[in-house]
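Could you put the whole structure together from the sequences, leaning on the hints where they help?
By the numbering used here, the letter at position 114 of the sequence shown is numbered 132, and the numbering carries on one by one without gaps.
Simulated from the structure, these hints should not be mistaken for laboratory data.
Certain hints may be false.
In the DSS-like style, the derived pairs of lysine-lysine whose C-alpha atoms are separated by at most 30 Å in a straight line are [what the hints assert, rightly or not]:
| id | residue 1 | residue 2 |
| --- | --- | --- |
| 1 | K344 | K309 |
| 2 | K535 | K603 |
| 3 | K603 | K575 |
| 4 | K467 | K535 |
| 5 | K611 | K575 |
| 6 | K611 | K600 |
| 7 | K549 | K578 |
| 8 | K75 | K177 |
| 9 | K611 | K535 |
| 10 | K610 | K538 |
| 11 | K261 | K309 |
Cβ pair distances, simulated, as ranges [to be verified]:
| id | residue 1 | residue 2 | range |
| --- | --- | --- | --- |
| 12 | D368 | P581 | 37 to 45 Å |
| 13 | D137 | D368 | 56 to 64 Å |
| 14 | H77 | K127 | 25 to 33 Å |
| 15 | R102 | D416 | 31 to 39 Å |
| 16 | S441 | N163 | 30 to 38 Å |
| 17 | D294 | N587 | 27 to 35 Å |
All C-beta atoms in this analysis are idealised placements derived from N, C-alpha and C, irrespective of residue type, glycine included.
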Amino acid sequence: MRSRALFKAKKAQLQLWERNKNNTQIKNYVALEKLAAAYIASGEIELARHLFDTIPKPHIACWDLLLRTYAWNGPFEQAISMYRKMLESGVTPSKFTFPFVLKACSAMKAIEDGRMLHDHAVKLGLQSDLYVCTALIDLYAKCGNLILAQRVFNSMSNKDVVAWNAMIAGFSLHGVYDDTLQLFLEMQRAGVRPNSSTIVSLLPTMAQANALGQGKAMHGFCVRRDFHNDVVVGTGLLDMYAKCRCISSSRRIFDTMGIKNVVTWTAMIGACVTSDLMGEALELFNQMVLKGSVNPMPATIGSVLRACAGLTDLRRGRCLHSYTIKSGYFLDMMVANTLLSLYAKCSVIDDAIRFFSEMRFRDTISYNAIISGCVQNGFAIDALLISREMYSSGVYPDLTTLVSILPACSHLAALHQGTCGHSYSVVHDFVADTSICNALIDMYSKCGKVDIARKVFDRMQRRDVVSWNAIIAGYGIHGLGTEAITLFHDMQVAGIEPDDVTFICLLSACSHSGLVKEGKHWFNAMSTDFKISPRMDHYTCMVDLMARAGLLEETYKFIKEMPFEPSINVWVALLAACRLNKNIKLGEEVSKKIQRLGPEGTTNFILLSDMYKTLGRWEDAEKIRIMQRNQRLRKSPGCSWIEINGVTRAIPGSDQLSPQGTNALQVANAKVELGMHMF
19 MRSRALFKAK
29 KAQLQLWERN
39 KNNTQIKNYV
49 ALEKLAAAYI
59 ASGEIELARH
69 LFDTIPKPHI
79 ACWDLLLRTY
89 AWNGPFEQAI
99 SMYRKMLESG
109 VTPSKFTFPF
119 VLKACSAMKA
129 IEDGRMLHDH
139 AVKLGLQSDL
149 YVCTALIDLY
159 AKCGNLILAQ
169 RVFNSMSNKD
179 VVAWNAMIAG
189 FSLHGVYDDT
199 LQLFLEMQRA
209 GVRPNSSTIV
219 SLLPTMAQAN
229 ALGQGKAMHG
239 FCVRRDFHND
249 VVVGTGLLDM
259 YAKCRCISSS
269 RRIFDTMGIK
279 NVVTWTAMIG
289 ACVTSDLMGE
299 ALELFNQMVL
309 KGSVNPMPAT
319 IGSVLRACAG
329 LTDLRRGRCL
339 HSYTIKSGYF
349 LDMMVANTLL
359 SLYAKCSVID
369 DAIRFFSEMR
379 FRDTISYNAI
389 ISGCVQNGFA
399 IDALLISREM
409 YSSGVYPDLT
419 TLVSILPACS
429 HLAALHQGTC
439 GHSYSVVHDF
449 VADTSICNAL
459 IDMYSKCGKV
469 DIARKVFDRM
479 QRRDVVSWNA
489 IIAGYGIHGL
499 GTEAITLFHD
509 MQVAGIEPDD
519 VTFICLLSAC
529 SHSGLVKEGK
539 HWFNAMSTDF
549 KISPRMDHYT
559 CMVDLMARAG
569 LLEETYKFIK
579 EMPFEPSINV
589 WVALLAACRL
599 NKNIKLGEEV
609 SKKIQRLGPE
619 GTTNFILLSD
629 MYKTLGRWED
639 AEKIRIMQRN
649 QRLRKSPGCS
659 WIEINGVTRA
669 IPGSDQLSPQ
679 GTNALQVANA
689 KVELGMHMF
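Here's what the structure looks like:
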């Protein structure tokens, strides 16, 4: 269709040039204006603009035609620029000019330019014009000035359904639920019949307010008025139910819809992802692709990629990555960021970093995704490096960035950089956020500054269960078990219900403080008094608690009576205690159990070998090392982190001075050297 229109336009231009080939300037301006209109109709905006600029005094209709094109298709700033040029040319705007230019201002949220246009409209006596007022309402509402929008709305003597819809959409956009609903009722009392656009404007605010009852009433209204067969209304209802956590109703509407467009499919897939129905989301996408009549859009791909990330389905994620390259969607920022999150969540952090480095454009979400991925996969140094690059590239960290960066500082014991992060959060007013404070408590505790962690905790405006868990854990790792128990009591007095993580922190605190009696009490109390069933982590804490106290036989009996198969961490905790207490008989028995668990028991050989060395049984120690080599089990080079004068350094463990360990440490220290000045 467009190609045919373009062919006709070019043919008309050739005929016009032929008729006027002896003239230096074409005099048939009407023909030129028609030709410009033909180019616009065919989508050739640049050709139309070039032709328009050759007309000495274009008619107002020609100005309006080009203004409308820019207002609808962009670039929006061209509409405002052309409007100014029109005024300079001495052309008086028409009542059609203002809605076009105001639409461009609305898209750019250029409220000052909009106010200028409002003043011009008043001077021309168009302040009560229906179309001008409706465009002004839309502008002011989208720019966040609902007072001005309502003032224009109230000044209108005649309001049609479009004007009412503009005001309702404005209230809905800003989540003003009560006012939106009241306006809808006033609209009907005024005798104006709502249309499908009215319903589509109302539904998002109901979803935002989680007003499921009102949403159901609106659904009934749609059925009575026969709006529910409209694909846009059906999609809006589907989305409303999904956001009100009524996914079954969403699916029922979807399945009964006669016509489904790409937005409908995308909304349903997104609803499944939000409801953690990842498999169902992927199945819907398969149906959509097989249908063939609907092509995915970037939002569709984004939702499906999130489903792949949720299922850690890397294979399908890579297939979608290939599709985005072929379709060009990988250039879409949202799609690129979701791909980044997919690779990070699937623990292929090298691929994530490679993809990140190849991205043409990066925003805060891009940096947050890769930083979070690095931290979650144990690449804390890389996270600090990328955060430094982020800051130097002019993309400033936000609250989410800091929540990811502070755990990296915790892992590296990078107190200086963590303190810089704290300062940054104070300057940018993030410190009032609970998640930031929780991360700061954890960071200061793990960097040996439990006193500062307590100050952060005491100054918090709002504390959740994570806040209490963090400070209890902080006291625990410093061997302050009694204080940790006191905090646990304070937590209950504050009305915060402990969760299973709270008891892991509490039991660990008892373990590090040698509070065996108290640890046993809280382990029993969690199931009897708090109705929390102990899981493997709780049993591991108890094993560590009793084993540290030298109660090896009691610990062994406790493990054998566990309601589920003990994990390797449970046995390793007991074996470490056997080494400490030189209980070789039990140590050998535990070692055999660890060996049955498979190759992940590398630590087993090291602990057993060290035990033999402690007892002077060098031949047995060597046999264990040979057995380890024969099974090709190698312990990853380990190190500790220490901060000296604000610089974090990797310090090797006693058994990590091999060439492999040395190389790893050199790389680690080189990275830290680069990333030491994070903010």
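Hint-by-hint comparison with the structure:
no., hint, in the structure
1, K344 / K309, "20 Å, holds"
2, K535 / K603, "27 Å, holds"
3, K603 / K575, "15 Å, holds"
4, K467 / K535, "28 Å, holds"
5, K611 / K575, "14 Å, holds"
6, K611 / K600, "18 Å, holds"
7, K549 / K578, "23 Å, holds"
8, K75 / K177, "36 Å, violated"
9, K611 / K535, "28 Å, holds"
10, K610 / K538, "28 Å, holds"
11, K261 / K309, "26 Å, holds"
12, D368 / P581: 37 to 45 Å, "40 Å, holds"
13, D137 / D368: 56 to 64 Å, "58 Å, holds"
14, H77 / K127: 25 to 33 Å, "31 Å, holds"
15, R102 / D416: 31 to 39 Å, "36 Å, holds"
16, S441 / N163: 30 to 38 Å, "35 Å, holds"
17, D294 / N587: 27 to 35 Å, "28 Å, holds"
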